[in-house]
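Got chain A sorted already, so can you dock chain B onto it with the hints?
Protein chains: 2
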Amino acid sequence: MLNSFRQHIQKYQKISDEQFEAILSYFEVHSLKKKEMIQEAGQTQLYNYFVIDGCLRMYTLHEKGQEITTDFALESWWLCDQKAYLGKIETDCYIQAVENSRILRISRDKEQLLIKEQPFMQIYFLQIYQKAFAAAQFRNKLFKLYSKEEIFIQFNNNFPDFVQRVPQYLIASYLGLTPEYLSEIRKKIFS
Amino acid sequence: MLNSFRQHIQKYQKISDEQFEAILSYFEVHSLKKKEMIQEAGQTQLYNYFVIDGCLRMYTLHEKGQEITTDFALESWWLCDQKAYLGKIETDCYIQAVENSRILRISRDKEQLLIKEQPFMQIYFLQIYQKAFAAAQFRNKLFKLYSKEEIFIQFNNNFPDFVQRVPQYLIASYLGLTPEYLSEIRKKIFS
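Residue numbers (full-length UniProt numbering), protein chains in the order written: chain A, 1 to 191; chain B, 1 to 191.
Just chain A, same shape as in the assembly:
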């Protein structure tokens, strides 16, 4: 089960059996049931989550109480409220399992220790963060350039499996659409 984590790291950085064992000692493994919460708004002791299998989502509450999904994470993706995680400040984000999931988690202190004590992991994390920043910057651009309808169509073209897999009301909450309106768009596309 943890082999997928090793394969993922090895895409960026070759590691030996001993090095992989050493890395694992900084993490905790957790199994989550569908809809289980692993982070609540108001927490200050935060973790960075790596999805072994399953799917997580992060959301925050609009002042009117509505859930706004800000991020999803599938297999081999990382997820955290990065600003609160780095600054060790209170988060306003919730993290929930969308499906039964297995995850690894690491605290900010442990991550810093890992990078210091196992410096070969610097190159891994550097590349992960470069890609995460590229994806977030690209997403910002998409949301500025296109309407929510156009973004859903692109999303559906680029990640058809994801759109099939995740409940539609969560995709609607990610795009800022009502579930009813998203359902209309889907009917148009798939008819």
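Hints in this document: simulated from the structure, not taken from any laboratory.
Quick caveat, the model's predicted, so the values are computed rather than measured.
A portion of the hints provided could be inaccurate.
Given that identical chains are not distinguished, each listed pair holds provided it fits within a single copy or across any two copies.
Claimed, not checked - Below, in silico cross-link-like pairs of lysine-lysine (BS3-like), each with a Cα-Cα straight-line distance of 30 Å or less: (1) 141 x 33; (2) 88 x 148; (3) 141 x 110; (4) 11 x 148; (5) 34 x 144.
Relative to the frame of chain A, chain B by itself:
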């Protein structure tokens, strides 16, 4: 003039005189006139830009030809179209000097060489990218949670100097508002 770059690096990573000289050899220094272009859509040979003084903005064109400003960079900020820069693919973004500016630029190949040959820079770049990702993720959340008017008010409260400094039509193009509408909001706030 390059001392500000050194001070900036030293916030993250102590370096000696020799190390700083070595780092500089990977960069080129450029002076830019206000409105000068340093990147055009269609380019594939891209650079990451560090602002010594002045201000840059990145924008892309909407299919209707309208300029959409996606990012600004002030002193001690980095700027590039990260997805195209990492993948060495064609960019759809333009980068322009908003004011007379002095900048350092580094190509992706040189950046990779710098990290390999001067490994003490790994920790610097790791922290820069962690912060860049945190800022981009936070911005995504803001644009999902708040109206463009509310974002301008927050922007104005958090970065009053920036709002005074940058031409209003560029702030409007960043927020996706018409300059006329932004002017109305400003009148309301400042009256």
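Notebook entry, point to check: Can you list which hints this structure breaks, lowest number first?
Noted result: Result: hint 4 breaks, nothing else.
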